[in-house]
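As a plain string of letters, each chain reads:
2 protein chains.
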Amino acid sequence: MVDRHGAIGVFDSGVGGLTVVRQIEARLPTESIIYLGDTARVPYGTKSPETVVRYAKACAQLLLERDIKMLVVACNTASAFALDALRDDLDIPVLGVIEPGAQAAVRATRTGRVGVIGTAGTIRSERYREALQCQDPSITVFSQACPLFVPLTEEGWTTGDVPKTVAEAYLAPLLENNIDTLVLGCTHYPLLKEVIAQAVGEAVTLVDSADETALVVQESLEALKLCCETPLLPQFRFLVSDAPSDFEQVGQRFLGHVMQEAEWVNL
Amino acid sequence: MVDRHGAIGVFDSGVGGLTVVRQIEARLPTESIIYLGDTARVPYGTKSPETVVRYAKACAQLLLERDIKMLVVACNTASAFALDALRDDLDIPVLGVIEPGAQAAVRATRTGRVGVIGTAGTIRSERYREALQCQDPSITVFSQACPLFVPLTEEGWTTGDVPKTVAEAYLAPLLENNIDTLVLGCTHYPLLKEVIAQAVGEAVTLVDSADETALVVQESLEALKLCCETPLLPQFRFLVSDAPSDFEQVGQRFLGHVMQEAEWVNL
Numbered sequence: 001m002v003d004r005h006g007a008i009g010v011f012d013s014g015v016g017g018l019t020v021v022r023q024i025e026a027r028l029p030t031e032s033i034i035y036l037g038d039t040a041r042v043p044y045g046t047k048s049p050e051t052v053v054r055y056a057k058a059c060a061q062l063l064l065e066r067d068i069k070m071l072v073v074a075c076n077t078a079s080a081f082a083l084d085a086l087r088d089d090l091d092i093p094v095l096g097v098i099e100p101g102a103q104a105a106v107r108a109t110r111t112g113r114v115g116v117i118g119t120a121g122t123i124r125s126e127r128y129r130e131a132l133q134c135q136d137p138s139i140t141v142f143s144q145a146c147p148l149f150v151p152l153t154e155e156g157w158t159t160g161d162v163p164k165t166v167a168e169a170y171l172a173p174l175l176e177n178n179i180d181t182l183v184l185g186c187t188h189y190p191l192l193k194e195v196i197a198q199a200v201g202e203a204v205t206l207v208d209s210a211d212e213t214a215l216v217v218q219e220s221l222e223a224l225k226l227c228c229e230t231p232l233l234p235q236f237r238f239l240v241s242d243a244p245s246d247f248e249q250v251g252q253r254f255l256g257h258v259m260q261e262a263e264w265v266n267l
Numbered sequence: 001m002v003d004r005h006g007a008i009g010v011f012d013s014g015v016g017g018l019t020v021v022r023q024i025e026a027r028l029p030t031e032s033i034i035y036l037g038d039t040a041r042v043p044y045g046t047k048s049p050e051t052v053v054r055y056a057k058a059c060a061q062l063l064l065e066r067d068i069k070m071l072v073v074a075c076n077t078a079s080a081f082a083l084d085a086l087r088d089d090l091d092i093p094v095l096g097v098i099e100p101g102a103q104a105a106v107r108a109t110r111t112g113r114v115g116v117i118g119t120a121g122t123i124r125s126e127r128y129r130e131a132l133q134c135q136d137p138s139i140t141v142f143s144q145a146c147p148l149f150v151p152l153t154e155e156g157w158t159t160g161d162v163p164k165t166v167a168e169a170y171l172a173p174l175l176e177n178n179i180d181t182l183v184l185g186c187t188h189y190p191l192l193k194e195v196i197a198q199a200v201g202e203a204v205t206l207v208d209s210a211d212e213t214a215l216v217v218q219e220s221l222e223a224l225k226l227c228c229e230t231p232l233l234p235q236f237r238f239l240v241s242d243a244p245s246d247f248e249q250v251g252q253r254f255l256g257h258v259m260q261e262a263e264w265v266n267l
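Sequence order for the protein chains is A and B. Position 118 (the first sequence) corresponds to 118 in my numbering; numbering is contiguous. Position 63 (the second sequence) corresponds to 63 in my numbering; numbering is contiguous.
In case anyone wonders, no lab produced these hints; they're calculated from the structure. There's no promise every hint is true.
Claimed, not checked - Pairs of lysine-lysine residues, derived as DSSO-like cross-links and limited to a Cα-Cα distance of at most 27 Å, are as follows: (1) B:K164 to A:K164; (2) A:K193 to B:K164; (3) A:K164 to A:K193; (4) B:K193 to A:K164; (5) B:K225 to B:K57; (6) B:K164 to B:K193; (7) B:K57 to A:K57; (8) A:K57 to A:K225.
As the list claims (entries may be wrong) - Stretch by stretch, here's where chain B covers chain A in the computed footprint (C-beta under 8 Å, at least three residues): (9) 90 to 97; (10) 151 to 158; (11) 162 to 168.
Said to hold, decoys possible - Partial pick of chain B residues on the chain A-facing surface, computed with a CB cut under 7 Å: (12) R41; (13) S48; (14) T51; (15) P147; (16) L148; (17) D161; (18) V162; (19) V166; (20) A169; (21) A172; (22) P173; (23) K193; (24) E194; (25) Q198; (26) G201; (27) D242.
By construction, the Cβ of each residue, glycine as well, lies at the ideal position given by its N, Cα and C atoms.
The whole structure should be built from the sequences, with the hints applied where relevant.
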């Protein structure tokens, strides 16, 4: 029996998933959240499916031990490779970020020409293509892996010549294909939104799955009658597998406000 | 009692340490080598000292179980943070890459103005500064962390505008300080040697610790009477914690020749 007063568990390979936490906080201010950033093993996006599944299961297990009522996989690479395995293993609802992002893109596109950027793993998995074309088979999908975007955001190098040159190199092939919508298929990428927007121009709509994922979290909690009813003070906890101090410093940029002290966990 | 017919154990966070293996092979063609690349948890250079020590100890333990006669820490970040801990724990000789690199730089410099580039962890540790000034207190050291260089080399993005822009951004402050020697303080960086050489110009000598480390390995084996005497066919084994196929593909660029099949290990 799942306890509706339990927290929502959210994990990502690093800090990127905090962009999803930020949107869940905004939509569901009475819900408690436990966030796990696997910062010792970040990034996931360059690793093989087997390794990502192994690490995602370890993250889920650690959060389950804290009695979460729902698991949000706030990492596109882990959603691409591990969502099915986690749903098979777990008795609580498990949500990813790819289907919500695809839904938002289908709503946004006018021409049906949709670009998707993500980690090498996410793009290779073809999960965005499947999710987009499952919702609208007439959509044409153009994909591009952008492996340097995660290290750029983790470094905080989000303005200036370097991110501009990197973004232009990655995005040129998508622009040649006349996309009108671009899915930011990695929870790190919203921090590069300005650079990406400049590179693609005003005619291309950027879709960020964080807000759409928070909406799906809300709808699922309501449908499953798992919303926290009594207006208790919500609890926020942040767990990390590398040094907490680095995470707190970088994490505030992603979360948009000062963060509670993070706790180290052994992963 | 250490067996002189045992292999030399070498580990790195990923493929970079293969540049050291390449030089050991060239100097010591009768020696067997077991290489471990912790590719599931790469990079180490952005992680905290505590995490790097924990991971380095796990790598060393795994190689010890294969009866190595010497351990080479072919990763600057692990050498910076974990060498002392590994020497305390292990009964076999343990060599790092920082002291050999510093020795080569001291020999190379004419003006005593030495630049060092490395991961965030290596630079923060100040170990190169200590090693350089321990050998020659008159040397002035200028350091620069280059966190994007590892993802660039792991991606194979070693030519063109992007690595050029990144290298120029990182190296400009060092050039302003009129260095005449630059230590490539990360085993990944030799793959960016051309881009780095262009950015710093002909007047700056690049020092790569791989060859110097291989020389120290040779001298240490001789001094300790641990050289393999009988000219048996040397054995080469490659162990990795992420998918072997990706490692083999990228690894050949670092090793300089076709590589034996790699074996997956659980880390």
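Tested hints:
no. : hint             : verdict
1   : B:K164 to A:K164 : 13 Å, holds
2   : A:K193 to B:K164 : 23 Å, holds
3   : A:K164 to A:K193 : 11 Å, holds
4   : B:K193 to A:K164 : 23 Å, holds
5   : B:K225 to B:K57  : 26 Å, holds
6   : B:K164 to B:K193 : 11 Å, holds
7   : B:K57 to A:K57   : 24 Å, holds
8   : A:K57 to A:K225  : 26 Å, holds
9   : 90 to 97         : violated (count 0)
10  : 151 to 158       : holds (count 5)
11  : 162 to 168       : holds (count 3)
12  : R41              : 5 Å, holds
13  : S48              : 3 Å, holds
14  : T51              : 5 Å, holds
15  : P147             : 5 Å, holds
16  : L148             : 6 Å, holds
17  : D161             : 6 Å, holds
18  : V162             : 5 Å, holds
19  : V166             : 6 Å, holds
20  : A169             : 5 Å, holds
21  : A172             : 11 Å, violated
22  : P173             : 14 Å, violated
23  : K193             : 20 Å, violated
24  : E194             : 18 Å, violated
25  : Q198             : 16 Å, violated
26  : G201             : 20 Å, violated
27  : D242             : 5 Å, holds
Checked against the numbered hints given earlier, this structure breaks hints 9, 21, 22, 23, 24, 25, 26; the rest are met.
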